[in-house]
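Respectively, the protein sequence lines represent chains A and B.
FYI, this note's numbering numbers position 90 of the first sequence as 90, with every residue one higher than the one before it.
Numbering-wise, this note's numbering comes out as the position in the second sequence, counting from 1, plus 154.
No lab work stands behind these hints: they were computed from the structure.
Hints may be right or wrong, so weigh each one.
Covered stretches of chain B, going by a simulated chain A footprint (3 or more residues, C-beta under 8 Å) [unchecked claim]: (1) 255-265; (2) 359-370; (3) 394-406; (4) 666-677.
Negatives, chain B to chain A, calculated, CB over 12 Å [as the list claims (entries may be wrong)]: (5) 387; (6) 433; (7) 463; (8) 510; (9) 533; (10) 571; (11) 572; (12) 642; (13) 661; (14) 801; (15) 832; (16) 850; (17) 869.
Each residue gets a CB set at the ideal place from its N, CA and C atoms; glycine is no exception.
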Amino acid sequence: MKETIGFSLNGKPVSFEVDPDRILLWVLRYDLGLTGTKYGCGEGLCGACTVIVDGKAVRSCLLQVKAVAGKAVTTIEGLAKNGELHPLQKAFVEQDALQCGYCTPGMIMHAYSLLLNTPRPTRSQIIEHMDGNLCRCGAHKRIIQAIQTAAKEP
Amino acid sequence: MKREPKGQGSVYEECLELDGAGPNGVRPWGERRSPLRFDRRQFLQLVGGGIVVCFSLSDSLALQEGERRRGMGRALPQDFNAFLRIGEDGRVSGFTGKVEYGQGVITSLAQMLAEELDVPLESVDMTMGDTGLCPWDQGTFGSMTTRIFGPAFRAAAAEAKAVLVELAAEQLQVPKERLKTKAGVVYEEAGQKKVTYAELAQGKKILRHLKGAAVKTPADFALVGKPVSRRDAREKVTGQAKYAGDVKEPGLLHARILRPPAHGAKLIRADTSGAREIEGVQIIEDGELIAVLHPYPDLAERALANIKAQYDRPAPTVDDKTIFDHLLKVAAQGATVAEGGNLAEGRNTAHQVLDQTYLNSYVSHAPIETHAALAKIEGNKATLWASTQTPFALRDAAAALLGLPAQNVRVITPYIGGAFGGKSNNQQALEAVRLAKLAGKPVQVVWTRAEEFFYDTFRPAAVVKIQAGVTESGLISFWDYGVYFAGERGAAQFYNIPHHRTVAYGSGWTAAPGSHPFATGPWRAPGNNTNSFARESHIDMLAAKAGMDPVEFRLKNLKDERMRRVLQAAARKFGWSAAKTPSQRGYGVACGTDANSYVAHMAEVAVDKNTGNVRVKWVVCAQEMGLCVNPEGARLQMEGAITMGLGYALSEEVRFQGGEILDSNFDTYTIPRFSWLPEIETVILDAKDSPPQGGGEPPIICVGAVIANAVFDATGARLLQLPMTPERVKDALSRI
Chain A
1 MKETIGFSLN
11 GKPVSFEVDP
21 DRILLWVLRY
31 DLGLTGTKYG
41 CGEGLCGACT
51 VIVDGKAVRS
61 CLLQVKAVAG
71 KAVTTIEGLA
81 KNGELHPLQK
91 AFVEQDALQC
101 GYCTPGMIMH
111 AYSLLLNTPR
121 PTRSQIIEHM
131 DGNLCRCGAH
141 KRIIQAIQTA
151 AKEP
Chain B
155 MKREPKGQGS
165 VYEECLELDG
175 AGPNGVRPWG
185 ERRSPLRFDR
195 RQFLQLVGGG
205 IVVCFSLSDS
215 LALQEGERRR
225 GMGRALPQDF
235 NAFLRIGEDG
245 RVSGFTGKVE
255 YGQGVITSLA
265 QMLAEELDVP
275 LESVDMTMGD
285 TGLCPWDQGT
295 FGSMTTRIFG
305 PAFRAAAAEA
315 KAVLVELAAE
325 QLQVPKERLK
335 TKAGVVYEEA
345 GQKKVTYAEL
355 AQGKKILRHL
365 KGAAVKTPAD
375 FALVGKPVSR
385 RDAREKVTGQ
395 AKYAGDVKEP
405 GLLHARILRP
415 PAHGAKLIRA
425 DTSGAREIEG
435 VQIIEDGELI
445 AVLHPYPDLA
455 ERALANIKAQ
465 YDRPAPTVDD
475 KTIFDHLLKV
485 AAQGATVAEG
495 GNLAEGRNTA
505 HQVLDQTYLN
515 SYVSHAPIET
525 HAALAKIEGN
535 KATLWASTQT
545 PFALRDAAAA
555 LLGLPAQNVR
565 VITPYIGGAF
575 GGKSNNQQAL
585 EAVRLAKLAG
595 KPVQVVWTRA
605 EEFFYDTFRP
615 AAVVKIQAGV
625 TESGLISFWD
635 YGVYFAGERG
645 AAQFYNIPHH
655 RTVAYGSGWT
665 AAPGSHPFAT
675 GPWRAPGNNT
685 NSFARESHID
695 MLAAKAGMDP
705 VEFRLKNLKD
715 ERMRRVLQAA
725 ARKFGWSAAK
735 TPSQRGYGVA
745 CGTDANSYVA
755 HMAEVAVDKN
765 TGNVRVKWVV
775 CAQEMGLCVN
785 PEGARLQMEG
795 AITMGLGYAL
805 SEEVRFQGGE
815 ILDSNFDTYT
825 IPRFSWLPEI
835 ETVILDAKDS
845 PPQGGGEPPI
855 ICVGAVIANA
865 VFDATGARLL
875 QLPMTPERVK
885 DALSRI
């Protein structure tokens, strides 16, 4: 039943034996040890599990691992390069755009997908893009500010 | 986040051995009522030397006052329940049973330590919520960390500094009066001599209790009162921050537990044969507890789905529509919270009387991190990692479940992904303990979102009945207030009313069996959201009856100077201009007190009369919270509370039929989103000469009322029930 599945994970190739129907979120968290991607609702309703697959934000709680075979997957652990934070991560720190921090990886990954395609988003584009990501602490105001700040980075 | 004391490994491990050491054995963090007994030499060995100052919450006058006022009459801890240490490397470590769930105390507590000790913030480490390293603490709730724990924490730091100065005086041969401290150095004010804290702590084993060294006055603050960014942010933006569900142990199994379809349902039979087809699964059947364990959580989930279970379900007797009548029927006898004057006399002087009933639905905490825990049992010791607001209560409950002494159980609290009062019960952690014991392996329990909604201890549905009158000149002549099931927090009014009575029927989130069809519990500023919604709506209606602007009316009936100042500050920021309601502008005002802080909110809304949709455009919140330790942290809490409050005001209510919870995820239970976000402006009033008060809860208490009042101002429709869903708004519009 297991198959060998290979994909690019945070810029490095990975290949391993896995039941191809298993859910990407749990494979990332337990098989691959990347616990930055969080479980929040299991039905794609909160965005805590957001990762980037081939440049698009996806909800890893809904995705079977076979769907990413041969593709490029980026998680929150893959954003900083050599200890240097990504401009979005820097802006989230500077703007205090988090409280409990649990939704933060999903927020940053979802914002990252926006900036990939729309490097200079308007405030309303940010709000529209981020609307499916839930934060219970109410950091929304700061998250919008952080995305605006990161978008101004050269 | 965690930094264990240098050199000695885990204090916890050492403690276990020493605990049985006889009458002189060390048990530095004994039970709440245990007599003071610890050996200073051994304790210092445990924490690794340096300079240690121990202190107790009972050293905080604020706590004594609070406990006395609440009439709790409980014994305070006899021994210390927190300590700080200046290590031989000069680093400062604070150890406290308080936990960090987003409210920011990991930053503000470190800030207080750094201020009093005159060390850079970067040299302070906080170890929080670890029952193996931190002394006993009651739990983190009630906006009490800063206002009640904070003063004792500051005093301990001042004591530590006094010790350092004494040591320096000896070493430098300079009278201590001529010594100053700055950035971790004691130096001669008019000379060359100096010595660092690290040098002073070198080879020392000094243990001190509070003797009463003076804390700084606000004029001397260099760090307290300055905005400081969150210290946990870097870990949280890189995905490195660990939550209970992120912890791993060798041989770990993930549990999925068979759940009933409704509260009160009884399991008749379960066929687990289908689950056994999943490779690697382990099935646990222990009475009503049926669980599947698997190395991978998604395969445990698959196995659980293969179990066929039959339940006997009691016929539902109440639902989310009939609950209010039910609650009024079963309400406990009333207890008077506050009273004064003579109501009959007040009624006689009233020109107009207003009688109204306010309703408030069950609301879920809905943190994005569901309840999670990992339990590992080795021999007669257990270690738990849990998302909990009450690690010490969990330690004791787990110990009782396992038949072990409490000191054999260590609870470690990693970062918590939101709590809001909902992570005090520890059900998930005790499930993990039970399953780990039965399986003989470490077990992790991470609730699904449906389990989170099912077992949440909801904010109770509640009813408030108010009868009040105004005189011809616009003075409130009497106030007769009854609150059912929300409790007394925020119930007593603060206006200048000659004849008044406030009665609470039932104590709040705990109610007699048969009251609520499921568990209820404290929800951010418990009771106060309900009470403030009712009181401030009623005040607004009295203003309208008196033909007065609602801000003018409040000021006319307010003598409390703190409240007047907060209300006026909000009005200035908002640019409030007087008008009778409904003015069509969509402006609302509300004020209240919580955790000894004062807040006033103003809001502007737009109401779509066709859809009934309320759009909150702008919210101003002014807060007087005594000394504000970290204005940046306080603003985050204010913004967060306002944003979160939009949910209970506009959309959040748990729908149910008997014990069946109909909302199981965020598709039907709608919490605030980016597209709801109003402009938010916060004002923190300068009160640095008063002791610090609560900041995490007060700014949420008026959100329901301020929006209800703004909706009335926009439309003339009065909403008497929260949440103000589009259907209820349309219904209210149709009644104008």
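Hints, one by one, checked against the model:
| no. | hint | verdict |
| --- | --- | --- |
| 1 | 255-265 | holds (count 4) |
| 2 | 359-370 | violated (count 0) |
| 3 | 394-406 | holds (count 7) |
| 4 | 666-677 | violated (count 0) |
| 5 | 387 | violated, 4 Å |
| 6 | 433 | violated, 8 Å |
| 7 | 463 | holds, 20 Å |
| 8 | 510 | holds, 30 Å |
| 9 | 533 | holds, 27 Å |
| 10 | 571 | violated, 3 Å |
| 11 | 572 | violated, 4 Å |
| 12 | 642 | holds, 26 Å |
| 13 | 661 | holds, 27 Å |
| 14 | 801 | violated, 9 Å |
| 15 | 832 | violated, 9 Å |
| 16 | 850 | violated, 10 Å |
| 17 | 869 | holds, 26 Å |
The earlier numbered hints that this structure contradicts are 2, 4, 5, 6, 10, 11, 14, 15 and 16.
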